[in-house]
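With these hints in hand, go ahead and build the complete structure from the sequences.
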Amino acid sequence: MALLKIRHYPDPVLKNVAAPVTAFDETLRQLAHDMAETMYAAPGVGLAAPQVGISKRLTVIDCSSREEEEARLLVLINPEIIDREGESCEEEGCLSVPEYYAKVSRSAKVKVRFQGLDGQTHTIEAQGLTAIACQHEIDHLDGILFVDHLSPLKRSIFRKKWKKIQEHMTEQM
Numbered sequence: 001m002a003l004l005k006i007r008h009y010p011d012p013v014l015k016n017v018a019a020p021v022t023a024f025d026e027t028l029r030q031l032a033h034d035m036a037e038t039m040y041a042a043p044g045v046g047l048a049a050p051q052v053g054i055s056k057r058l059t060v061i062d063c064s065s066r067e068e069e070e071a072r073l074l075v076l077i078n079p080e081i082i083d084r085e086g087e088s089c090e091e092e093g094c095l096s097v098p099e100y101y102a103k104v105s106r107s108a109k110v111k112v113r114f115q116g117l118d119g120q121t122h123t124i125e126a127q128g129l130t131a132i133a134c135q136h137e138i139d140h141l142d143g144i145l146f147v148d149h150l151s152p153l154k155r156s157i158f159r160k161k162w163k164k165i166q167e168h169m170t171e172q173m
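According to our numbering, the residues represented by the sequence shown are 1 to 173, in order.
If you are wondering where the hints come from, they were derived from the structure by calculation, not from laboratory data.
Even glycine gets a Cβ: it sits at the ideal position worked out from N, Cα and C.
Wrong hints could be hidden among the right ones.
DSS-like mimics (lysine-lysine), calculated; alpha carbons at most 25 Å apart, straight line [to be verified]:
| hint | residue 1 | residue 2 |
| --- | --- | --- |
| 1 | Lys15 | Lys161 |
| 2 | Lys15 | Lys164 |
| 3 | Lys5 | Lys161 |
| 4 | Lys160 | Lys15 |
| 5 | Lys56 | Lys111 |
| 6 | Lys5 | Lys163 |
| 7 | Lys103 | Lys164 |
| 8 | Lys5 | Lys164 |
| 9 | Lys154 | Lys15 |
| 10 | Lys103 | Lys161 |
| 11 | Lys5 | Lys15 |
| 12 | Lys103 | Lys15 |
| 13 | Lys154 | Lys103 |
| 14 | Lys160 | Lys103 |
| 15 | Lys15 | Lys163 |
| 16 | Lys56 | Lys15 |
| 17 | Lys5 | Lys56 |
| 18 | Lys109 | Lys160 |
| 19 | Lys154 | Lys164 |
Taking CB as the label site, the calculated pair distances span [said to hold, decoys possible]:
| hint | residue 1 | residue 2 | range |
| --- | --- | --- | --- |
| 20 | Ala41 | Thr170 | 34 to 44 Å |
| 21 | Gly119 | Lys163 | 42 to 52 Å |
| 22 | Leu129 | Ser151 | 16 to 26 Å |
| 23 | Asp83 | Thr170 | 39 to 49 Å |
| 24 | Ala2 | Gln166 | 19 to 29 Å |
| 25 | Ala23 | Ser151 | 38 to 48 Å |
| 26 | Gly119 | Leu153 | 21 to 31 Å |
| 27 | His168 | Glu85 | 37 to 47 Å |
| 28 | Asp118 | Ser151 | 40 to 50 Å |
Set out below in structure tokens:
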């Protein structure tokens, strides 16, 4: 088990568009495993490779509750949203923007095409928290953070709060 360092806003790697994955090998499987372990330890429901400093189109998601006996880990490689339906506005947080939460408008349902660890193409339909997590993590692969979806006024408020959050995090170290 290798826990990876989660990059925090405003780390420049978080703003880059991630490169497609082309090699489906043991290195990729190990990275996906390490990302899942990092996500569970954080704890979070999703983690994209750019959040651990790797600019590749890979994300892990698990929206199962911690009380469930079995995890439902999704490993999405080169994911793309191919259909959207409805609207949702839920509070979101992010492992790269710790201690800050805000309501974000997203699609209520999504259909996502992606490759698995074996390189095979799959499609899933997601709703609820899984749909939100898919959109949030795919945004990371496109260099978009959830705070980028906020209105200019709310982004201004975020920046002020973020300075205080960073000061608080520094004091705890």
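Evaluated hints:
1. Lys15 to Lys161: Roughly 20 Å between the alpha carbons, so the hint for Lys15 and Lys161 holds.
2. Lys15 to Lys164: Holds. Lys15 to Lys164 sits at ~22 Å (cutoff 25 Å).
3. Lys5 to Lys161: Holds: Lys5 and Lys161 sit about 23 Å apart, inside 25 Å.
4. Lys160 to Lys15: holds, 20 Å
5. Lys56 to Lys111: holds, 21 Å
6. Lys5 to Lys163: holds, 21 Å
7. Lys103 to Lys164: holds, 20 Å
8. Lys5 to Lys164: Given pair Lys5, Lys164 holds - Cα atoms ~22 Å apart, limit 25 Å.
9. Lys154 to Lys15: Satisfied, since the Cα-Cα distance of roughly 19 Å is no more than 25 Å.
10. Lys103 to Lys161: holds, 15 Å
11. Lys5 to Lys15: Status holds; Cα separation ~17 Å.
12. Lys103 to Lys15: Roughly 21 Å between the alpha carbons, so the hint for Lys103 and Lys15 holds.
13. Lys154 to Lys103: holds, 10 Å
14. Lys160 to Lys103: Distance of about 17 Å is within 25 Å: holds.
15. Lys15 to Lys163: With a Cα-Cα distance of about 19 Å, the restraint between Lys15 and Lys163 holds, given a limit of 25 Å.
16. Lys56 to Lys15: holds, 13 Å
17. Lys5 to Lys56: Within the cut-off at roughly 16 Å; holds.
18. Lys109 to Lys160: violated, 33 Å
19. Lys154 to Lys164: holds, 16 Å
20. Ala41 to Thr170: 34 to 44 Å: Violated: the Cβ-Cβ distance is about 22 Å, outside 34 to 44 Å.
21. Gly119 to Lys163: 42 to 52 Å: For Gly119 and Lys163 the Cβ distance comes to about 44 Å; the hint holds.
22. Leu129 to Ser151: 16 to 26 Å: Holds: the Cβ-Cβ distance is about 23 Å, inside 16 to 26 Å.
23. Asp83 to Thr170: 39 to 49 Å: At 43 Å between Cβs, range holds.
24. Ala2 to Gln166: 19 to 29 Å: holds, 26 Å
25. Ala23 to Ser151: 38 to 48 Å: holds, 40 Å
26. Gly119 to Leu153: 21 to 31 Å: At 45 Å between Cβs, range violated.
27. His168 to Glu85: 37 to 47 Å: Given a distance of about 39 Å, which is inside 37 to 47 Å, the answer is holds.
28. Asp118 to Ser151: 40 to 50 Å: Because 42 Å falls inside the window, the suggested range holds.
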